[in-house]
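Chain A is already provided as a structure; the job is to place chain B on it using the hints.
There are 2 protein chains.
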Amino acid sequence: MNRRSIVAGMLFAGVSLAPFGSHVIADEQPLFGYSAESSRTERQWEEKLRAIPSPENLRSYMQHLSARPHNVGSPYDKENAEWILAKFKEFGLEAHIEQFDVLYPTPKERVIELVDGGPKFVATLQEPPVPQDLTSNQQNEQLPTYHAYSIDGDVTAPLVYVNYGVPEDYEQLERMGVSVKGAIVIARYFHSWRGIKPKVAAEHGAIGCIIYSDPHEDGYVQGDTFPNGAWRPKDGVQRGSVADMPIYPGDPLTPGVGATKNAKRLDIKDAATITKIPVLPISYGDAQPLLAAMAGRVAPEGWRGGLGVTYHIGPGPAKVHLKVISNWPIKPVYDVIAKIPGSAFPDEWVIRGNHHDAWVNGAEDPTSGMVAVLEEARAFGELLKSGWKPKRTIILCAWDGEEPGLLGSTEFAEEHYDDLRAHAVAYVNSDSNGRGYLGVEGSHTLEKFSNDVAHDISDPETKLSVWKRDRLREIAGAKSADQRKEIRERADLRIPALGSGSDYTAFLQHDGVASLNIGFGGEDGGGIYHSIYDDFYWYTHFSDTDFVYGRALAQTGGTAVMRLADAELLPFEFGDFADTVQTYVKELKALSQKTQDDIRERNREIEEGVFKATDDPRHPLVAPAADTVPPHLNFAPLENATEELARSAGEYRKALEQANANGGAQLASASLADVNHLLIESERKLTTSAGLPNRPWFKHQLYAPGFYTGYAVKTVPAVREAIEQKQWRQADEAIVVVGGVLRDEAALISSAAAKLAAAK
Amino acid sequence: MNRRSIVAGMLFAGVSLAPFGSHVIADEQPLFGYSAESSRTERQWEEKLRAIPSPENLRSYMQHLSARPHNVGSPYDKENAEWILAKFKEFGLEAHIEQFDVLYPTPKERVIELVDGGPKFVATLQEPPVPQDLTSNQQNEQLPTYHAYSIDGDVTAPLVYVNYGVPEDYEQLERMGVSVKGAIVIARYFHSWRGIKPKVAAEHGAIGCIIYSDPHEDGYVQGDTFPNGAWRPKDGVQRGSVADMPIYPGDPLTPGVGATKNAKRLDIKDAATITKIPVLPISYGDAQPLLAAMAGRVAPEGWRGGLGVTYHIGPGPAKVHLKVISNWPIKPVYDVIAKIPGSAFPDEWVIRGNHHDAWVNGAEDPTSGMVAVLEEARAFGELLKSGWKPKRTIILCAWDGEEPGLLGSTEFAEEHYDDLRAHAVAYVNSDSNGRGYLGVEGSHTLEKFSNDVAHDISDPETKLSVWKRDRLREIAGAKSADQRKEIRERADLRIPALGSGSDYTAFLQHDGVASLNIGFGGEDGGGIYHSIYDDFYWYTHFSDTDFVYGRALAQTGGTAVMRLADAELLPFEFGDFADTVQTYVKELKALSQKTQDDIRERNREIEEGVFKATDDPRHPLVAPAADTVPPHLNFAPLENATEELARSAGEYRKALEQANANGGAQLASASLADVNHLLIESERKLTTSAGLPNRPWFKHQLYAPGFYTGYAVKTVPAVREAIEQKQWRQADEAIVVVGGVLRDEAALISSAAAKLAAAK
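Protein sequences, first through last, are from chains A and B.
For the record, in the first sequence the residue sitting at position 450 is 450 according to the numbering used here, with numbers rising by one throughout.
Start counting at 1 in the second sequence, then tack on 1000, and there's your number in the numbering used here.
Looking at chain A on its own, in the form it has when it is part of the complex (with noise of 0.2 Å):
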């Protein structure tokens, strides 16, 4: 898994109340959390660490990993980990593999066929091999095109086209009166993760769905296809899950607790991340014959795709039968584990990650940020052997069965959920890499550092640092003066909250661990995900060809792991955070403010005859019916938190302008253990024990991936998803949840500014 395609638009996004000033002058300053003395020779051992990853390993890494297909329970998948082992050993780490057995089916009959309503079709389901490409021919050992997790089934009706297969696409289903009730649903990729589209389908009493990769998203009308270009050929098909994963991710029969050989598993039966309904993907070149067999109504302007046919909505005449049934093993998976003991605080522990699986031979997802990542543990050792001794445990991890469900990092995370709680400062995860921009994810008391770090990094085209290519691409990108106006103004970049879609989501959403994010792109388009075209002869001609990008994260990810575990005080700021949780509530009151205004309105347009006027005999809608106008909500529990979070993070500044002074003399003599072991905390208090409603595994109260988006964060999302969905008395009761965690985080704040003031 990867979320790229969708990561491009959402790098740095970015008015703060920065501790420090311009960056401009960041070399005559102590890096944050340094005095000054540790600050001049941090950025030795820095400079060290960045000069040392090399292309040319990054390449042959990538060779090797990506030589052939390594799904979880496939041979290579163990090889690979027992590689990844072998070279964090020889680079002087201490390394183990930690295994969980999982639920992970893989597919034992596949069948999509057009038996009525048009010429007789039968799906090829199969993605042919391509000359030029060698481990493209790897038939044996690749895993046929399928959804994991799906439903075993066997179904036979009418076709409807839903578009994206969104809720709102089934709103305007329901205004245009078709119904997908006993129908198999044809939906394309994108704009929702894939789970999301069966799920909302089964919702609307589909019986079963297809989902298709449109050449207007993810084929020729974005450019030249594969081989002779970068994008999806007609018959390349996007494998991936579609567990049910806004509800838990990771293993679907042990939510909450590691899959260890004896661990109590649920009956797959009710294992609630399972499909309702049968769901397979296939490719353009397979829809085709469905999509062109399809009548009825025209599909509106925005749900027709690239196919060079009329776009019809159904149902039927196009009658498909559609099969699918799984074998259902328990397979093993291999995280593999690498440990920098801290010399200092050996319990304060700094978490870097990427996976290693992949759906096919995945040279891009995962392996190329797999490969920085191992490039970073050589660096490591190197440095190791040079002297250096991080402050605190650095631990290093190669997931396993990321592609299926993030089953490696959930099972992991949650295994040894205490023991993260207790000691995991942060954790820093990448997946895909490709050419471009950096790309910065994740919490927001890690926003300064992480504009920190991006100030440090050179990059590879235009020789500026990739924070400064990042505010400049955001002003070009500005969509109006006052975007703008804050871009510059603003000492930081923003950065996006994190939803799912990566190792991250267990870290950060079920154990409260503050998470970044990284990786370049948006100069490299594609049309190769979790195809068999994935692999080292694609990336190695259209991505990051010359693996200059490779070294880049390899450096970013180095220097923020570094950074992290070397600092005296650890760089938590919270004068961005305050200012980035006053903005989602302003969204907040801005969207129920809005959802009264769209009701009101929608119910004077009805009274004065607004949809039966403009109805078009030829092609009648069913009008909506009136709605009671939502109530207002009372903001004050959030608005007050938000101001003594605001509040807390000024006393904290204060608190580091005055340890900050004289050199930083404070943070080199004093002890600081509590104020880190608060600063660590500061994450966990955003979490409560009984989590979201109706889906507890999710604990943090501030990011979470939307119910109905699957990777695209709500932030808030008790609040934001109880609004959205309409539930005034629930939106007012996680109003006052939420208001809670927030006054707690500002004690906790104040607390830790008022050890800091006093530390000696």
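Simulated from the structure, these hints should not be mistaken for lab results.
The C-beta atom is built at its ideal place from N, Cα and C for all residues, glycine as well.
Some hints here could point you the wrong way.
Here are the simulated lysine-lysine pairs, DSS-like style, with alpha carbons at most 27 Å apart [unchecked claim]:
no.	chain 1	residue 1	chain 2	residue 2
1	B	1586	A	485
2	B	1234	A	234
3	A	479	B	1612
Reference listing, derived: stretches of chain A covered by chain B, where coverage requires no fewer than 3 residues with Cβ under 8 Å from a Cβ of chain B [to be verified]:
no.	stretch
4	216–228
5	242–252
6	471–480
Showing chain B alone in chain A's frame:
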């Protein structure tokens, strides 16, 4: 020609000092410009009038008029003119044919072939007949697919894809480092009038131009294709004129004078409106192999059509041979003119028109509108027999030669310039007609009048008044709460200004006659425009199949003409007009400000290094050069004039209220000849004899087709286009000129108000 596809979104668009209150009680109020008594009589006649038009007749007229191809110079064009003449006479009207002799090129040789860079391909340039559509098989009489007034030429060069071929597209090409110098450009239809495309291509150095219909806008992406559906089939071609009509419409050899037998004519080589490079239209069937043979940079997102290929920009490798040779004869056009002499004010003329010539069979364009005008003529004939005597002279016109360049109407308006300036009250035009909503565009002194008429016409589908249906549609389509508020609160729906695209052009923009253009549409799409498939079969299967909207158009046109002809006081109103002019002035100030802001911002970004930092070395762009920030313009002359307009409109409103007192006793008894004369003059006052800068034929200072849009209006054109083209001195000068025109207009309105107040 017609503008339906463009007009579809431009119906009544939505604060006014309207002199009368709510229209809810319209029945109890005298008609605008009528005393209570004469209003009662008028309403009775109007009701009789609206009962007369018959769908059966409309259908049979259409069947006759569209039975054979009837382009200019064809036998059936003349037969139709004579048939219409006979019909007018049969209805009891005086009528005659007025002939002009115009330059009218027809194709002699047409070649488009791919000679290099892809598989050899010769474009068919042919529209095949469809078996069930009998008139599609009249090949002997069909005009081949071509662009009238393309210069002759024979060129071979690499292709460059230029999207819609409008100026902004060339700006983007420049950023991408692509030149069209020496190339043949291929542009898709839409987003400008077609004649703009070869004009702009030639300005940038291209040597040939191909325009094709892309299925994205005009084919299977929109809906099922003919004969299965209404949309353009693979081989359907849009013929049309490419004369540079924003310079002057009508016969290219006789600008400004009627093309009578002995008129002084230019040499063809001196005719400014003939294209500078050869140009031909093609189908998407013929375009596909050309576009598939292109390489180079992938077209930007907004440039990609629906052809199922990756769109590339080139240049080449596709190399194309384009040859266009025409016959260039002088051909007759036959305007059919019927007259009903006015009983009280014979020297005040109310004029109604629609064209009768077509590119091929032309059932929709123009016959669907022409047949309504015929039923209006029949209805007037019936009422005359029942004793109705219109106070003013009514002139009904069936124009010839509209398609190649508004020939019949322009030559008429040029030939009768002095008479029309002296006598014409208003010109009411229609062209094609279809299902849906009433669209009205035109002079804002008639905005209130056109709203009044729309209140009295019943929509055949919903039985609402067409005004109410339009209003509710505008509410549904409003883009903001402010816009909705205005629609709900303003007494009158706004009408858009007229640009060009049909026969009102010469009346309004050359002669200064207040004009309206009316027609129904917006519920019937289709892709047969200017093809052999625009015929009776298509119209009766896919458009206003039962001709109820044809009847509604005859009712609307008939009511408008009758009400103008019978009024005591001409129903011109200046509150809406002054309000509209004020919005234009605000727009111009905002445009000027935005131009400054945009240049200032871009200069800053150049200085910050934005363009350099965001350039992708694999797809490099040419950074823009810094530009001088435009000076502030002196808008005071326009602002002061606008206030004078508003004050004079208030005076007129007050005089009107007084005249309406006591059942409009003053209207019934006083001599209003002087007031009416000033009202007639009110549109003339908006013209200048010098006309627009660089295009003196266009004399109206508020409305003109854009020099680079062709159809779409540019209001206050001398000022707006100077700003758009960064001609600051000219903009300041034009503000003074237009300010003067508007002050004169305000003086005229004040004078009319004084005369009305004093009328006895």
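Verification of the supplied hints:
1. 1586(B) to 485(A): It holds: about 26 Å lies between the C-alpha atoms, which stays within 27 Å.
2. 1234(B) to 234(A): holds, 23 Å
3. 479(A) to 1612(B): holds, 20 Å
4. 216–228: holds (count 6)
5. 242–252: violated (count 0)
6. 471–480: holds (count 4)
Going through the hint list in order, the structure does not satisfy hint 5, though it satisfies all others.
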